[in-house]
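2 protein chains.
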Amino acid sequence: VTAAQRTRLDRESRRAQLVELGVEMLSIRPLDEVVVDDIAAAAGISRGLLFHYFPTKRDYLVAVVQAAADGLVRVTEPDPTLAPLDQLRSSLDAYVAYVEANRPSFVALVRGAVGSDPQLLAVFEATRERIYLQVARGLGLHDDPPPVIRMLIRGWIAFIEELTASWIVDAPTDGSGPAGTLDREAFVTLLERSLVQLLELARDEPLTPPRRP
Amino acid sequence: VTAAQRTRLDRESRRAQLVELGVEMLSIRPLDEVVVDDIAAAAGISRGLLFHYFPTKRDYLVAVVQAAADGLVRVTEPDPTLAPLDQLRSSLDAYVAYVEANRPSFVALVRGAVGSDPQLLAVFEATRERIYLQVARGLGLHDDPPPVIRMLIRGWIAFIEELTASWIVDAPTDGSGPAGTLDREAFVTLLERSLVQLLELARDEPLTPPRRP
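Protein chains in written order, with our numbering: chain A, 1 to 213; chain B, 1 to 213.
Source of the hints: derived by calculation from the structure; they are not laboratory data.
No false leads were slipped in.
Computed list of lysine to any residue pairs in SDA-like fashion (alpha-carbon distance at most 25 Å, straight line): (1) A/K57 x A/I45; (2) A/K57 x A/V19; (3) B/K57 x B/R47; (4) B/K57 x A/D32; (5) A/K57 x B/P118; (6) B/K57 x A/P118; (7) B/K57 x B/S13; (8) B/K57 x B/R15; (9) B/K57 x B/L21; (10) B/K57 x B/D10; (11) A/K57 x B/D117; (12) B/K57 x A/L121; (13) B/K57 x B/L120; (14) A/K57 x A/R11; (15) A/K57 x A/A42; (16) B/K57 x B/T127; (17) A/K57 x A/L120; (18) A/K57 x A/V110; (19) A/K57 x B/L121; (20) A/K57 x B/D32; (21) B/K57 x A/D117; (22) A/K57 x A/A122.
Non-contacting residues of chain B with respect to chain A, defined by C-beta distances greater than 12 Å in every case (computed): (23) E12; (24) I28; (25) V35.
Chain A stretches covered by chain B per the calculated footprint, using a threshold of three residues with CB under 8 Å from any CB of chain B: (26) 158-168; (27) 191-201.
From the three backbone atoms N, C-alpha and C, an ideal C-beta is built for every residue, glycine too.
Can you build the whole structure from these sequences, using the hints too?
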């Protein structure tokens with residue numbers, strides 16, 4: 001490698017390190033409490049040097065959220081060697097595990113504390129769409145499904161976000177669940193069955209509008 | 001009435017007028033585009049006088065959102081003379097009509113463009129809880145239902161918000177629906193049945209955790 005290439009690699013790996021520290025911080029505190037000085041200190045660099053890699057705090061946060069979203073999409077990637085419902089189950093299992101490892105951030109995100117930053121909103125919207133596509137693919141809906149199916153799956157994603165946020169607030173870390181709430185396995189079952197239940201609505205004849213040429 | 005009482009009434013009715021103008025504006029543009037100068041102009045007062053009634057723009061917006069939320073809760077109030085499912089249907093009908101009359105605001109709110117203002121978030125959270133209580137009451141769940149039922153209804157509220165936001169974007173104003181999407185009546189039916197489908201999950205034995213003393 002040339003000196004220019006090495007510098008480039010150094011720069012990339014330094015950026016990646018800073019983003020990784022941010023993603024780690026998201027596992028213990030919500031996004032709006034991520035402090036750039038703490039990140040710089042953890043990386044052993046000055047605050048000024050951090051801003052050399054990311055022009056603004058917002059640029060940094062967008063990169064961190066994008067990396068966290070990529071992580072979620074990666075762990076929930078359906079395993080194509082499994083049957084559709086097993087794919088769904090295993091993705092939901094990974095989803096809940098991911099959320100458990102990132103409680104404060106997840107709850108804050110779902111509860112809307114993320115703010116109205118258009119770039120962050122774009123990352124969230126793109127992430128929901130990637131999850132939608134994963135689910136649709138896992139169910140064998142390779143082409144563009146009918147609008148009602150798409151609507152139901154997208155609505156279901158909002159449903160499981162809300163459900164998981166309320167579950168995680170009460171769920172103890174050992175997965176047993178306090179009296180009256182569901183344990184981890186029962187909760188994953190609930191998420192899985194909810195999609196099956198909702199998709200049955202698309203079969204109901206009266207819902208289907210008449211085909212127009 | 002004394003002079004002091006009259007002044008108080010004048011003040012209250014002026015405030016109410018300004019809030020009402022804000023609620024009307026929410027029917028044509030999203031919250032973050034509500035401009036205080038336009039409101040003052042519509043009320044025939046100066047911008048300075050508006051700030052006499054509301055110390056900050058945020059105070060004004062919180063009052064407007066609170067009034068809009070009150071409106072939503074009022075129109076969706078279940079009619080106790082109806083059977084439970086008819087109550088649900090009629091509330092959902094009113095919900096969709098309300099959303100249709102406030103498209104840009106509703107879509108912006110659901111898509112998260114509302115920002116992270118804690119007071120606004122508190123209004124949204126309180127509104128979801130009021131809608132939850134309406135639904136629970138409409139279903140005859142007078143006391144605190146089991147956590148799973150509460151979770152399912154709260155999740156369903158997030159589900160219908162997302163569904164209605166995607167439906168409303170495509171739905172034409174005459175309610176007929178473009179090819180492939182649902183018309184208004186079929187859409188309300190979908191919302192209604194989705195709750196029934198989801199609540200069936202609470203009946204499944206394996207989901208229920210063992211009772212602990």
